[in-house]
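Trainee: Now for the letters of each chain:
Number of protein chains: 2
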Amino acid sequence: MEELKNELKSDEQQEFSAQPQADVSQVVQQLTEAEGDEQADVFSDILTEAEPGTVALLLESLPLDERYERWQQIEPEERVDVLSLMRADPRLGIVKKMPDSELDLLFSQLSPEDLIDWSDSLPDSITDRALAQMGERQRKHFELYDQYDENEIGRYADHQMLVLNPDSTVAQGQRFFRRIDLDCNDHLFLVDINDKYIGTVRRYDLFKADVETLLSELIWADSRFISADSSLIEAAEAIEHSRELELPVVDDEGVLIGRMTLRLATILVREHYEAQLMATAGMDEHDDLFAPITVGARRRAVWLGINLMTAFLASATIGLFENVLSQVVALAVLMPIVASMGGIAGSQSLTLMIRGMAMGQISSGNVMSLLKNELGIGSLNGILWAIIIGMISGWWFNDTIMGIIIGCAILINMAVAAIAGVMVPMILQRFNQDAALSGSVILTTVTDVVGFFTFLGLATILYL
Amino acid sequence: MEELKNELKSDEQQEFSAQPQADVSQVVQQLTEAEGDEQADVFSDILTEAEPGTVALLLESLPLDERYERWQQIEPEERVDVLSLMRADPRLGIVKKMPDSELDLLFSQLSPEDLIDWSDSLPDSITDRALAQMGERQRKHFELYDQYDENEIGRYADHQMLVLNPDSTVAQGQRFFRRIDLDCNDHLFLVDINDKYIGTVRRYDLFKADVETLLSELIWADSRFISADSSLIEAAEAIEHSRELELPVVDDEGVLIGRMTLRLATILVREHYEAQLMATAGMDEHDDLFAPITVGARRRAVWLGINLMTAFLASATIGLFENVLSQVVALAVLMPIVASMGGIAGSQSLTLMIRGMAMGQISSGNVMSLLKNELGIGSLNGILWAIIIGMISGWWFNDTIMGIIIGCAILINMAVAAIAGVMVPMILQRFNQDAALSGSVILTTVTDVVGFFTFLGLATILYL
Chain G
1 MEELKNELKS DEQQEFSAQP QADVSQVVQQ LTEAEGDEQA DVFSDILTEA
51 EPGTVALLLE SLPLDERYER WQQIEPEERV DVLSLMRADP RLGIVKKMPD
101 SELDLLFSQL SPEDLIDWSD SLPDSITDRA LAQMGERQRK HFELYDQYDE
151 NEIGRYADHQ MLVLNPDSTV AQGQRFFRRI DLDCNDHLFL VDINDKYIGT
201 VRRYDLFKAD VETLLSELIW ADSRFISADS SLIEAAEAIE HSRELELPVV
251 DDEGVLIGRM TLRLATILVR EHYEAQLMAT AGMDEHDDLF APITVGARRR
301 AVWLGINLMT AFLASATIGL FENVLSQVVA LAVLMPIVAS MGGIAGSQSL
351 TLMIRGMAMG QISSGNVMSL LKNELGIGSL NGILWAIIIG MISGWWFNDT
401 IMGIIIGCAI LINMAVAAIA GVMVPMILQR FNQDAALSGS VILTTVTDVV
451 GFFTFLGLAT ILYL
Chain B
1 MEELKNELKS DEQQEFSAQP QADVSQVVQQ LTEAEGDEQA DVFSDILTEA
51 EPGTVALLLE SLPLDERYER WQQIEPEERV DVLSLMRADP RLGIVKKMPD
101 SELDLLFSQL SPEDLIDWSD SLPDSITDRA LAQMGERQRK HFELYDQYDE
151 NEIGRYADHQ MLVLNPDSTV AQGQRFFRRI DLDCNDHLFL VDINDKYIGT
201 VRRYDLFKAD VETLLSELIW ADSRFISADS SLIEAAEAIE HSRELELPVV
251 DDEGVLIGRM TLRLATILVR EHYEAQLMAT AGMDEHDDLF APITVGARRR
301 AVWLGINLMT AFLASATIGL FENVLSQVVA LAVLMPIVAS MGGIAGSQSL
351 TLMIRGMAMG QISSGNVMSL LKNELGIGSL NGILWAIIIG MISGWWFNDT
401 IMGIIIGCAI LINMAVAAIA GVMVPMILQR FNQDAALSGS VILTTVTDVV
451 GFFTFLGLAT ILYL
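Chains G and B supply the protein sequences, listed in that same order. Each residue of the first sequence is one higher than the one before, counting from 1 in the UniProt record's numbering. Each residue of the second sequence is one higher than the one before, counting from 1 in the UniProt record's numbering.
For the record, the hints were derived by calculation from the structure and aren't laboratory data. Please note that the accuracy of each hint is not assured.
Stated by the list, open to error - The calculated label-pair distances, taken between Cβ atoms and stated as ranges, are: (1) 147(B) to 178(G): 39 to 45 Å; (2) 323(B) to 267(G): 55 to 61 Å; (3) 427(G) to 77(B): 39 to 45 Å; (4) 464(G) to 69(B): 54 to 60 Å; (5) 221(B) to 81(G): 18 to 24 Å; (6) 217(G) to 77(B): 26 to 32 Å; (7) 45(G) to 163(B): 30 to 36 Å; (8) 175(G) to 49(B): 31 to 37 Å; (9) 114(B) to 217(G): 34 to 40 Å; (10) 217(B) to 34(G): 37 to 43 Å; (11) 72(G) to 151(B): 37 to 43 Å; (12) 214(B) to 81(G): 32 to 38 Å; (13) 430(B) to 135(G): 49 to 55 Å; (14) 213(B) to 65(G): 51 to 57 Å.
Said to hold, decoys possible - BS3-like, lysine-lysine: derived pairs with alpha carbons at most 25 Å apart: (15) 96(B) to 372(G); (16) 96(G) to 372(B); (17) 372(G) to 97(B); (18) 196(G) to 140(G).
Claimed, not checked - Covered stretches of chain G, as calculated for chain B (at least 3 residues, CB under 8 Å): (19) 203–212; (20) 276–283; (21) 328–339.
Every residue, glycine too, gets a C-beta built ideally from N, C-alpha and C.
If we strip away everything but chain G, and leave its shape as in the complex, we get (with noise of 0.2 Å):
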């Protein structure tokens, strides 16, 4: 065994040796510290060795003019996978620049799928452009795949897969597996004439089975599948919950289209979050990291603009009351406090229906016990808080009274901030509204305006 080991040592070294896979964050250090032209160095070194989705990742990490420079260096039959990976605007921002005869050749390299994904971003006429590179079959693909739209499953079901006759033999079957080495395979799907789908064959059975056996006896009594039509995360979120690495994608005739991987579920998966997330501040998961600062300023106008409109509602609520302003100036100082306070207690209440939004766990079955919860622990700190915010501004302003305000004000603000935390995202939803994007911007408006509103009014009654 120790002679073995020594023997695979000398023997195979030149041919192989293990290597941990890489970290990106190591690597986007060492790309963007190199200058000038020892970045093209350090660039063909990792192209050498890294996967596309990491190339990916590196070219988005770069300035405009840096990126397009290192994106020359990479070889006309890696371009197609690279883009794929990217990030819809990096990616077009990369196509635009692109002269036209390099563009020919990477549309010629493009698969319907590909290009179906890429169109989501693309302006018509370079689709048509690519469109024009392909066969007619590819272009009946294309057409076939375009008449989802973008949040159907049906759109994006990867076509690759391997499919037989129920009349097909165990032999037969194996053979496919044997000489098709597709990921998250290890599953057979049966269709009839029509292409309806019958049902499935797990490879494991395949394997244990008599060479001689019709398919159609192996059938898995559990097989499931996914209509063309659901939502992208539905879809996701049902190959995370099977145990298993692909289901057959099926259109209302119940033909077998595609299939959902667990591969491409990790992709959506991480695009739902990262929309999410950017959602938040008004943004979106396309956006690239170093946009034209004139295209990046534009996009994010739209949300300061709206962001305003709300701010001058605030505003005009405190407008009501400069009359007793301009009489306890201490109002001015202590009001940003209600309104911070009722927007932070909100936006938990809100974020935790955002995370049970997103896996499908709330209904309206299960709001008004949510309501309650969220009531309940509003409430109990609105109370501490009313308290401690109350005593503190008592003692700074040495004004009781005005301690009996902003603790009231407080405990109104946080009790109203739990039931819009709730509410807010419910009512958006009815209307088919994303909570995650509009959601914190309704909710700060209503606890600045109740905030301000409470705290200001108690003041007119008690001081004038």
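Assemble chain B onto chain G, guided by the hints.
Mentor: Coordinates of chain B only, in the frame set by chain G:
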């Protein structure tokens, strides 16, 4: 063919009919809307169909008392799987309620791997109770995994894998794959007599090779491994960027201790993003949707307290300018707008940074380019909104100076917000702090203080 189809239909209908994978939100709706005894019936119907992951999500979506009632309907042999797939807090809630006899039965079915995962959140006394139910060998395993801390993949690696010596034959390898039905399994790992990892044999190569061949001849030239002390998210990304279903996890002496799978990656990625989402509101990914009110209130109180300190800091800033505020009450009306626009602009930069950091795309090498870009975007929007807000404010209070003051304050605050949005997360990262958790509090403090100070400071200079 048509005949066969009909034959299949009548023949197979009893034992097989393909079904769509169930959608969690629909099941949640059904269950939560059912009242009283009816709910028990609905739940037992669901149990016959649903995967443990779905059952776990369902239980979490029920209020505590209903949740425990439904829990009792689950068969003892299903319980470990369901609990393992729940979030830590709801799981702990159920474990704490279970009578000792049931608990011992539960623990007797628990694997060391499950217990490692659970023990991160279980009180030591309960972990010890579970260990007491285990055999000597299992306890040893537990201690082995327990050497790694909660952020190292060595702790959670999957220990079920196919391992052989390099002098085994292809026939032996094929027999392994035929006999053992593992999830995410298409590699065979080769180790020497000291359990040191030598290399990987792919199933695809194995089933094409001659049965007499030695496995050492089939070692995959592209064999990669993950170090046991890699962080969870690094390990998840390694498997996502590789195009494999599994990668071996190897300790610092080269010993193969387990494997990382694509399945585990999907779970870790989801937990990572949930943690980030919850952190933005100062909460934890393990938090229960229905925490007991006192527990929920206590946990959230910490975050509210931190926020209160920053709010008082903002108030103290305003307090410096009581003099000008008492003379020009319009300042009190407009000042929230300055703070709010800065806060939103800063959170846009911060969110972009957090997304980039999650993917390892930000390093000291590209931070200056990012700063330049964000400052450009921030200034451009600063100029735009300074003009708009200045004009509206000047017109509202019929006071040109007021318009100029607020315009300047907006411009300065939005530029500062861009700088803070980039630098705050960089500094937090340097000190190994989570930017998603503390980033927004620090940022808001900066934009509040700078916003109030510039606005009221300029007013003091120009009005007094």
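Trainee: Among all the numbered hints in the text so far, which are the ones the structure does not match?
Mentor: none
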